[in-house]
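K.L.:
According to my numbering, the sequence shown holds residues 1 to 134 in order.
A few of these clues could be false.
Just the calculated beta-carbon pair ranges, DEER-fashion [stated by the list, open to error]: (1) L26 to T118: 30 to 38 Å; (2) V123 to K17: 52 to 60 Å; (3) S19 to T62: 56 to 64 Å.
With a cut-off of at most 30 Å between alpha-carbon atoms, the simulated DSSO-like pairs for lysine-lysine come out as follows [said to hold, decoys possible]: (4) K72 to K99; (5) K105 to K72; (6) K67 to K105.
The set of hints was computed from the structure by calculation and includes no laboratory data.
Predicted model, so just to flag it, every value in this text is computed and none were measured.
Glycine included, every Cβ here is placed at the ideal spot set by N, Cα and C.
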Amino acid sequence: MTAQETNTAATAGQRKKRSLGLTAALCAVFVAGMVGMAFASVPLYRIFCQVTGYGGTTQQATSAPEKALDRKITVRFDANIVNGLGWSFRPLTRSIDLKVGETGKAIFLAENRGTTTTTGSAVFNVSPLDVGAY
1 MTAQETNTAA
11 TAGQRKKRSL
21 GLTAALCAVF
31 VAGMVGMAFA
41 SVPLYRIFCQ
51 VTGYGGTTQQ
61 ATSAPEKALD
71 RKITVRFDAN
81 IVNGLGWSFR
91 PLTRSIDLKV
101 GETGKAIFLA
111 ENRGTTTTTG
121 SAVFNVSPLD
131 VGAY
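Work out the full structure: start from the sequences and follow the hints.
P.N.:
This is the structure:
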């Protein structure tokens with residue numbers, strides 16, 4: 001084997017090593033990007049739903065409407081708690097009738113029947129999903 005053939009073989013080996021290193025680096029970047037997208041997908045989807053009202057996400061008005069519409073709706077209240085919590089939680093009235101755009105007041109009664117002090121937070125749900133935009 002001549003010096004030129006040895007040099008060409010060494011250069012080909014270096015190219016192959018560089019090519020394999022580049023492929024490995026690209027695969028690592030791709031995997032890291034996919035992991036990052038997996039972690040970012042939940043907050044990004046939540047923001048998308050809040051902005052568009054998609055998926056029954058409720059919209060928040062900056063001010064009350066000047067005039068209520070003539071259309072009436074019935075708002076029904078359902079107070080659920082986790083089994084074994086030791087609380088009594090219920091609405092004072094099961095439902096109220098309102099015009100669209102009208103504000104109303106709902107009162108809930110809560111009682112801790114346990115022996116220790118506990119705290120909780122209320123989470124609302126709108127159903128059917130189609131009314132979430134309103």
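K.L.:
Hints broken by the structure, by number, lowest first?
P.N.:
1
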